[in-house]
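**Student:** One letter stands for each residue in the lines below.
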Amino acid sequence: MLNYTLRRLLLLLPMLLGVSIVVFLVMHFIPGDPAQLAAGPDATAEDVAQIRHNYGLDQPLLNQYIIYVKKIASGDFGESFQTFTPVLEGIARTLPATIELTLAGMLLAVIIGVPLGIIAALRPRGVLDSSLTTFAVLGISVPGFFLGLILMSIFSASLGWLPPTGRGGWQHLILPAFTLGLPYVATFSRLARSTMMDVLKEDYIRTAYAKGVPSYKVVLKHALSNAAIPLVTVFGMDFGRLLGGAVIVETVFAWPGMGRFLIDAIMARDIYVVQGTVLVFAALVVIINLIVDLIYGFLDPRITYN
Amino acid sequence: MASSTLASPTTDADMQLLKKRRLGFVRFLIVNKRWFALSALIVLLVIIAAALSAPLWFDWDSVTKINLSKSLVGPSAESWLGTDQMGRDLLGRVLWGARITLTVAVSSVAIAMLVGVSVGAACGYYNGAIAGLVMRLMDSMIAFPRTLVAILVITVAGNSILSLTLAIAISSIPIYVRFFAGPVMALRNREFVLASKSIGVGDIRLLRVHILPNIGSLVIIQATVSLAEAILIGSGLSFLGLGPPPPTPEWGSMIAESRPLLTTYPYVLLAPGCALVLTILSFNIVGDALRDFIDPKSRNA
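Chain order of the listed sequences is A and B.
In this text, residue positions in the first sequence follow my numbering: the first is 233, and each later residue adds one.
In this text, residue positions in the second sequence follow my numbering: the first is 422, and each later residue adds one.
The set of hints was computed from the structure by calculation and includes no laboratory data.
Wrong hints could be hidden among the right ones.
Said to hold, decoys possible - The following label-pair restraints were derived from C-beta to C-beta distances: (1) B:Leu583 / A:Pro292: 23 to 33 Å; (2) A:Ile527 / B:Leu558: 19 to 29 Å; (3) A:Asp274 / B:Gln506: 47 to 57 Å; (4) A:Gln403 / B:Leu554: 42 to 52 Å; (5) A:Val524 / B:Tyr547: 50 to 60 Å; (6) B:Tyr547 / A:Pro292: 30 to 40 Å; (7) B:Leu466 / A:Phe316: 35 to 45 Å; (8) A:Leu238 / B:Leu466: 26 to 36 Å; (9) B:Ile469 / A:Asn295: 47 to 57 Å; (10) B:Tyr547 / A:Pro273: 34 to 44 Å.
Note that the Cβ used here is the ideal one computed from N, Cα and C, for glycine as well.
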């Protein structure tokens, strides 16, 4: 297990390196001269040349990449062209908000979705089951930004129950987390339903019932623990999509997270901020998938890592 | 995940089933009492008709030219949905929005399908070291948030309808490559393919005549569902300000622009919003029904 963890951690390196190459090349092809942007509109040609030299932008592409990787390895993500503060500072400021939002969204999806799916699996073709099917299509069809605005107009503007924008106490978190998590409530309930239905057909479930185990115990202990693995897999696969959704939800609710930070930087062509945030987004996805892989081992002792 | 929910028709029993069902899609919906899906299909046809005929009812100037003297006039006989904050006819903008949304969605899905199916088929068919490398590359790209890939493409290509289309297409290519490689790999070892190969049929002809026609139904199902997703992602990007620049009537950017009117003039926001949800919903429902029509085994999956 330890061996496997270490090997997976080592695998992180080539993946992050690959991502850094892609991001570096994309940034290189962005139209506009970063040195000109950094120097401002009324800089002289000498100023621009000086800045280009300072940033190493006059060197060959390969050298630029090596400088860039070396800097990142030592924790230097460059400076923002707009605020002249280190990019890493901006990431450190906005990352916790993004993580808070995505985890809350996922948690909401699991807490609501999984029980709904289990109940639907216990009464297939019942009222809940068929309404769940309709709800699932609706859940993946309503764009997050539209849902967010509708929820905001109902719960903040009309009823005044919850704050419309910003980050603060748990009241601020409810609307954004719900907006982000709703499509995944549908995903998780559908998945929980179908895996539970498969598991409930197994012999050991019949044996448990025959032994006289109370039915809530059969469902929650025998069945759910075996249905959990596909759920964790999808959790890992959907995490990246959830982060993508967070970029939009953060904009709707003026949530001070990394997605908002990234979009503002793109609008201002603030290259180092874009580069840094995209790298951190990619690293987050890779790390979450690593954690999911490791969780398998705890969930199912039959899985060995060789 | 998508590949496991869709079984490709590869056994002889499936082929028999395919031959038996020669009824049309509409008759399939009626016979099986799929009224919900049938109405979604009708809604979809209406939306497509609206998108095609938009220039007949409203010229481009009337939906883009700013006329502040007519700003935010309520619904009337002259303009059925009223006007937006810039005094432009809201119905006209929603109809033109359908045209732009569908153009972007259809062309992005077409580009992504073309690349995805050919690369996926080649990877599944040759299945060598290079194919393995391509597949690993696609795996790591799938791990990357799709919205982020699209955002990066737009950052490079600028704000326009074309770059929005490319952004959606590029961000979905890895999904298609992975999706189509599997079925092709399975087909490659089927008797009729091996038999053709043994009598000296070349690779290109084999792919074109024997393999690609057999994944045709998969392409149709995947395309319908992909259209829904393309619209979802495209409108999201436009909402963020990364779509075609104003005054282009795009549903996502219309919603973003009318945000300050959310409580005062909600219909300015609700009109494009409802059109958007209705379109995505219809594509998803029709896609589901199409899957059941083409591949009946997956119905209870």
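**Student:** Determine for every hint whether it applies to the structure shown.
**Tutor:** Results of checking the hints against the structure:
1. The beta-carbon spacing between B:Leu583 and A:Pro292, approximately 32 Å, falls within the hinted interval of 23 to 33 Å.
2. For the pair A:Ile527 and B:Leu558, the beta carbons lie near 26 Å from each other, so the given range of 19 to 29 Å is met.
3. Between A:Asp274 and B:Gln506 the Cβ separation comes to about 35 Å, which falls outside the hinted range of 47 to 57 Å.
4. With their beta carbons about 50 Å apart, A:Gln403 and B:Leu554 fall inside the hinted range of 42 to 52 Å.
5. For the hinted restraint 50 to 60 Å between A:Val524 and B:Tyr547, the CB-CB distance of approximately 31 Å leaves it violated.
6. In this structure, B:Tyr547 and A:Pro292 meet the distance hint of 30 to 40 Å, their C-beta atoms being roughly 36 Å apart.
7. Restraint check, B:Leu466 to A:Phe316: a C-beta distance of roughly 56 Å breaks the suggested window 35 to 45 Å.
8. Range check, A:Leu238 to B:Leu466: about 58 Å between beta-carbon atoms, so the 26 to 36 Å window is missed.
9. Taking 47 to 57 Å as the suggested C-beta distance range, the pair B:Ile469 and A:Asn295 conforms, at roughly 53 Å.
10. Separated by about 53 Å at the C-beta atoms, B:Tyr547 and A:Pro273 break the suggested range of 34 to 44 Å.
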